[in-house]
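Residue numbers (UniProt numbering), protein chains in the order written: chain A, 1 to 357; chain B, 1 to 357.
These aren't lab readings, by the way, just hints derived from the structure by calculation. Accuracy of the hints is not assured; some may be wrong.
In this list, chains with the same sequence are indistinguishable; a pair is considered to hold if it fits within one copy or across any two.
In silico BS3-like cross-links for lysine-lysine, where the CA-CA straight-line distance does not exceed 27 Å [to be verified]:
no., residue 1, residue 2
1, K280, K178
2, K229, K280
3, K91, K294
4, K294, K270
5, K280, K228
6, K42, K214
7, K118, K319
8, K333, K42
9, K125, K15
10, K229, K214
Predicted model only: the values in this text are computed from it and were never measured.
Listed below, chain by chain, are the residues.
There are 2 protein chains.
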Amino acid sequence: MTKTKIDVTLSKTKKEKPQSDQLEFGRVFTDHMFVMDYSPTKGWHDARIVPYEPISLSPASMVFHYGQTVFEGLKAYRTQDDKVLLFRPEKNMHRLNLSNERLCIPQIDGEFVIEALKQLVSIEKEWIPTAEGTSLYIRPFIIPTEYFLGVAPSNFYRFMIILSPVGSYYKEGIHPVKIFVENHYVRAVDGGTGKAKTGANYASSLKAQEEAAKKGYSQVLWLDGVEKKYIEEVGSMNIFFKISGEVVTPELNGSILEGVTRNSIIELLKSWDIPVSERKISMEEVYETYKKGKLEEVFGTGTAAVISPVGEFLYNEQKMVINDGLTGELSKKLYDTLSGIQRGTMQDPFNWVVDVN
Amino acid sequence: MTKTKIDVTLSKTKKEKPQSDQLEFGRVFTDHMFVMDYSPTKGWHDARIVPYEPISLSPASMVFHYGQTVFEGLKAYRTQDDKVLLFRPEKNMHRLNLSNERLCIPQIDGEFVIEALKQLVSIEKEWIPTAEGTSLYIRPFIIPTEYFLGVAPSNFYRFMIILSPVGSYYKEGIHPVKIFVENHYVRAVDGGTGKAKTGANYASSLKAQEEAAKKGYSQVLWLDGVEKKYIEEVGSMNIFFKISGEVVTPELNGSILEGVTRNSIIELLKSWDIPVSERKISMEEVYETYKKGKLEEVFGTGTAAVISPVGEFLYNEQKMVINDGLTGELSKKLYDTLSGIQRGTMQDPFNWVVDVN
């Protein structure tokens, strides 16, 4: 890994920034991006911040054919006193390297990339929205760039970071969603790529998502690929169940993504002395506890929404309405606390937040 | 689907063509390519043959993030009397639409694309090598082009066909390969994308391939993702076993690719009155027949190699040497016959071959 200075070329023109109240997710991008390239002889090299511009690749570039890609997602927040905060970026870099390992992509130097990211975010500081619930979404990703149609790991790669100002995930506050329990399509399986943040898992999820939407459900609950019995994830989030006062989340089994928010929620619950366990949990077990009136709250966790309460499941044609379709007390407290820490409005006893300056 | 005439822009310069005896697989591309675009309002439109040139896309283009891609592979052959032949291209178009359906990509008009393909191949006729074993590899593929980081099917796509002159797959004639039976990594699972020709299946296979290569094995035998017991594919080919005179291949179960060569081999065997069955077959069963001396031949089938004999398996640390590591009689006959039909040197009683003119 070449640790040379990052070459900076500033854009001559500045794009118009969108209004804070009109921000969507992932449609508008800032003026600059970070780029570095990999070759077998030079390793990762030519690290640079340049104007945001199109990528030009041969149609035979491997990225268009064999899906050997990885990515990450995290956010920068701008505080009332104008500081810029990142949330546990070292976790994203660690996971990026786990994904790289699974996809045969060379490891990156996480510390160096965090430095690059800080520099990029500082340059784009004016792009970080300040309104309640808004943030700057950060998308690091790696694509294979060799021009070759053989099925083999690419010899050349490009690493990029692009930035997008995003609005509040819940325009009218935190809002429970309706979930379809998927028992036909599979997102990932043991021995597959489920643990990696790679295009494959998202490509395979689209069809189920589309069919659930037709039935009026906004997300899909994924069961394990082997027995179609044990719960894995919800949409592209991790999932938690509050059952008789205890919080349960599926254990990391190789096909579940190791969510940064998932890990933070577990730490928060432990610090509050709320019992939390990571273990196998079947949909049948959830249904049984529901029938006994012991299923108190359900919520998904992820970078985009932080906490996404589940108001209803459709499971084998059975509707299960959770907590009267309302946001639970614990879900709300977790959302408020974690968002508060991320935005610098609440104390951070865990040292999770990183000041960009 | 707009069935307007295909707009043709010829290249002003011509690239130098490689020597027939120096051809590799998928490294050199011809002077032109076919392109058409999809939008929700226009459908597939702007069909055109243009000079081969780079694709320019925003870094936020969905193809770099969520793997929503599909592709096909087929070949054109140039005969001794200078005709250009395609092999069952309608099968590839049918499968492309099956892949599209699984990946939420709009259907293409197969007949129209075959016409476009014929026109493109005619323009590039001089690029089709004539030496024994050489051909023109054809790669149709579709990529999502919307600039959006949300996880959803793209609203915009690009369909392209690129062409690459390729050498004989076996430089020194048909040659048996050594195969590692994979019992950790999984290529695809029921409910996943195994049946589709999409990047996801290839991305997930790279790691196993890399580890097998380190052990001295050139390909991986994939077992089913649920029980890791039943045989699915070998490398990126379908697989056949000759056991006591009967030929057995895994049945199409949703996670196995519906190979065009696979289907053609089954038809050929039937026409020769050789018993052939498509059924579940476990690696344990193969091992038992091997121990009893009843495993006569094993071979993979695919567009690249046509027939690829298996000389050895490594299964749970046990070496299984098949037919003394030599190419079997039936494997050889199937290779000679199918290659002969494809190249126009043998009769084609099935009407598989399509003359481009």
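Verification of the hints:
Proximity of K280 to K178 under the C-alpha cut-off of 27 Å is restricted to the intra-copy arrangement: shortest distance 23 Å within a copy versus 39 Å between copies. With identical chains, the CA atoms of K229 and K280 are at most 27 Å apart both within one copy (10 Å) and between copies (23 Å). Within a single copy, K91 and K294 get their C-alpha atoms no closer than 34 Å, and across copies no closer than 54 Å, so neither meets the 27 Å cut-off. In this homomeric assembly, K294 and K270 come within 27 Å of each other (Cα to Cα) only inside a single copy, at 21 Å, whereas the closest approach across copies is 60 Å.
When the C-alpha separation of K280 and K228 is checked against a cutoff of 27 Å, the pair qualifies both within a copy, at 13 Å, and between copies, at 21 Å. Taking the closest pair of Cα atoms, K42 and K214 come within 27 Å of each other only across two copies (23 Å); inside a single copy the shortest separation is 49 Å, beyond that limit. Taking CA atoms no more than 27 Å apart as the test, K118 paired with K319 passes in neither setting, with 46 Å inside one copy and 53 Å between copies. For the identical chains of this complex, K333 and K42 are neighbours neither inside a copy (49 Å) nor across copies (48 Å), given an alpha-carbon limit of 27 Å.
Taking the closest pair of Cα atoms, K125 and K15 come within 27 Å of each other only inside a single copy of the chain (14 Å); across copies the shortest separation is 47 Å, beyond that limit. With identical chains, the CA atoms of K229 and K214 are at most 27 Å apart within one copy only, with a shortest distance of 23 Å there and 36 Å across copies.
Checked against the numbered hints above, the structure violates hints 3, 7, 8; every other hint is satisfied.
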